[in-house]
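A.B. asks: Spelled out, the chains give:
There are 2 protein chains.
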Amino acid sequence: MSSSAAILVIGDEILSGRTQDTNTSYIARFLGALGIELKEARVVSDVEDEIVAALNALRARYDFVFTTGGIGPTHDDITADAVAKAFDVGIGYHPEAYALLEARYPPGEFNEMRKRMARIPHGAALVANSVSGAPGFHIGNVYVMAGVPMVMRAMLEAIAPELPRGTQVVSVTVEAAIPEGAIAPGLATIQKAHPATAIGSYPYYRDGIAQPFGAQLVVRGRDPDMVEAAAQAIEVLAREMGAAPQRIKAADSAASK
Amino acid sequence: MSSSAAILVIGDEILSGRTQDTNTSYIARFLGALGIELKEARVVSDVEDEIVAALNALRARYDFVFTTGGIGPTHDDITADAVAKAFDVGIGYHPEAYALLEARYPPGEFNEMRKRMARIPHGAALVANSVSGAPGFHIGNVYVMAGVPMVMRAMLEAIAPELPRGTQVVSVTVEAAIPEGAIAPGLATIQKAHPATAIGSYPYYRDGIAQPFGAQLVVRGRDPDMVEAAAQAIEVLAREMGAAPQRIKAADSAASK
Chain A
6 MSSSAAILVI GDEILSGRTQ DTNTSYIARF LGALGIELKE ARVVSDVEDE IVAALNALRA
66 RYDFVFTTGG IGPTHDDITA DAVAKAFDVG IGYHPEAYAL LEARYPPGEF NEMRKRMARI
126 PHGAALVANS VSGAPGFHIG NVYVMAGVPM VMRAMLEAIA PELPRGTQVV SVTVEAAIPE
186 GAIAPGLATI QKAHPATAIG SYPYYRDGIA QPFGAQLVVR GRDPDMVEAA AQAIEVLARE
246 MGAAPQRIKA ADSAASK
Chain B
6 MSSSAAILVI GDEILSGRTQ DTNTSYIARF LGALGIELKE ARVVSDVEDE IVAALNALRA
66 RYDFVFTTGG IGPTHDDITA DAVAKAFDVG IGYHPEAYAL LEARYPPGEF NEMRKRMARI
126 PHGAALVANS VSGAPGFHIG NVYVMAGVPM VMRAMLEAIA PELPRGTQVV SVTVEAAIPE
186 GAIAPGLATI QKAHPATAIG SYPYYRDGIA QPFGAQLVVR GRDPDMVEAA AQAIEVLARE
246 MGAAPQRIKA ADSAASK
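Protein sequences, first through last, are from chains A and B. The numbering of the first sequence is the working numbering, which starts it at 6 and goes up by one. The numbering of the second sequence is the working numbering, which starts it at 6 and goes up by one.
So here's chain A without its partners, still in its complex pose:
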């Protein structure tokens, strides 16, 4: 039994192309290691109605929703208000968050905008921020985190003990110097024979070598034996086709499809 999750990335800077989002892939891997499956990700702009609509769609559909971005002190940080609106609850200073933030600033520097970071929807629990203090929060099945990757990662560590553990998806990646289209028929047969696994094919092109076309064939599934059996079938197929398949670590694979 595994839980499902979605990510909601909030921020004009992602949609303008100014900032490359890296939080989605980090959270995906983090959840994967817990056995929680990321099913969908969305990026919306810093517009309240957009955030509310996306959040309500995602939280109704998945076990958990993780949001990133929009919880800082400036006027464009509107995530907390949007979350309160989505849950139809009030919002105000959270005593613990307020005290925690107040203690961080010299007298007179805890201004009205900084106080915004203590505004938390009613009924939410705080998520600790070991990096920069200002907390995230958790309400219903929604975890609200900062967008700065370093801070987001710290918050995710703080959240982890609360999350259920599921059966991890394991994956084996077999790389073969065979053009994707050539191995595709055999691969489709292997996929049919191994229905408890999902086999993905990610082509690569590498200039300047004898066989520049190849593919990384990724077998994923919750049963390690079934994943191994499918991976071995792919290796047999690749050898039959004259290639010398190799297993590679997921971290080595940067191919996109």
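Incorrect hints may have been included.
Copies of one chain are not kept apart here, so a pair can be met inside one copy or by any two copies together.
Said to hold, decoys possible - Below, a list of computed lysine-lysine pairs in the DSS-like style, where the Cα atoms sit at most 30 Å apart:
hint: 1; residue 1: K197; residue 2: K44
hint: 2; residue 1: K254; residue 2: K90
hint: 3; residue 1: K90; residue 2: K44
hint: 4; residue 1: K197; residue 2: K120
hint: 5; residue 1: K254; residue 2: K44
hint: 6; residue 1: K197; residue 2: K254
hint: 7; residue 1: K197; residue 2: K90
Since the hints were derived computationally from the structure, they do not count as laboratory data.
With chain A held as given, fit chain B onto it using these hints.
C.D. replies: Just chain B, lined up with the frame of chain A:
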């Protein structure tokens, strides 16, 4: 008058965290240069119903939808079928795509799986692929592209002449070594006084310098004079607060929020 757009990224490899999506930010900047505003991005898995539902939601709402991924020869490439289903049209071999692909392979190597790449929804027009041949396609307001970044970029170039030009959003980034929370009150006042612009604040922390906390303040808008006026107001504010603000190029800014 500007057009709106959404991106639909199709691929288990993004949701598993295996592959870092870079297409979204590339497309965002590409469209931005044409004056087309990216309003939303979604990532869904290689599941037909998920693709259909997301595509129908996005194409109803935005002027253009760009999809990436799932148009290769392997069994997990199901985007063309999903698009046909979303548009409720048939799908079959497109004569031009078929001929183009057939010509690329030695006799006997244009197998059934490679032929899948010639399956195009009825009524769609092809999108040229100068890199690897297998075309994308365009139906209604939806452009279907490959997921491999090199191929996707070539397809985007092929699509560009068909897209309308809007008024570009211009942006000016002012960096100031002032903690975000300290400049936030003045920034909120400037935002109110310059409603035709959107001012975003992206904090940074830089270890080992005298003032490690600062922010990149990004002014965006369609009227260059109004953007410039807001940027100058921010510079005045930063100087009043004792900082020496600098303008930086968007390409230099890697801060996330």
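A.B. asks: Which numbered hints are broken by the structure, listed smallest first?
C.D. replies: 2
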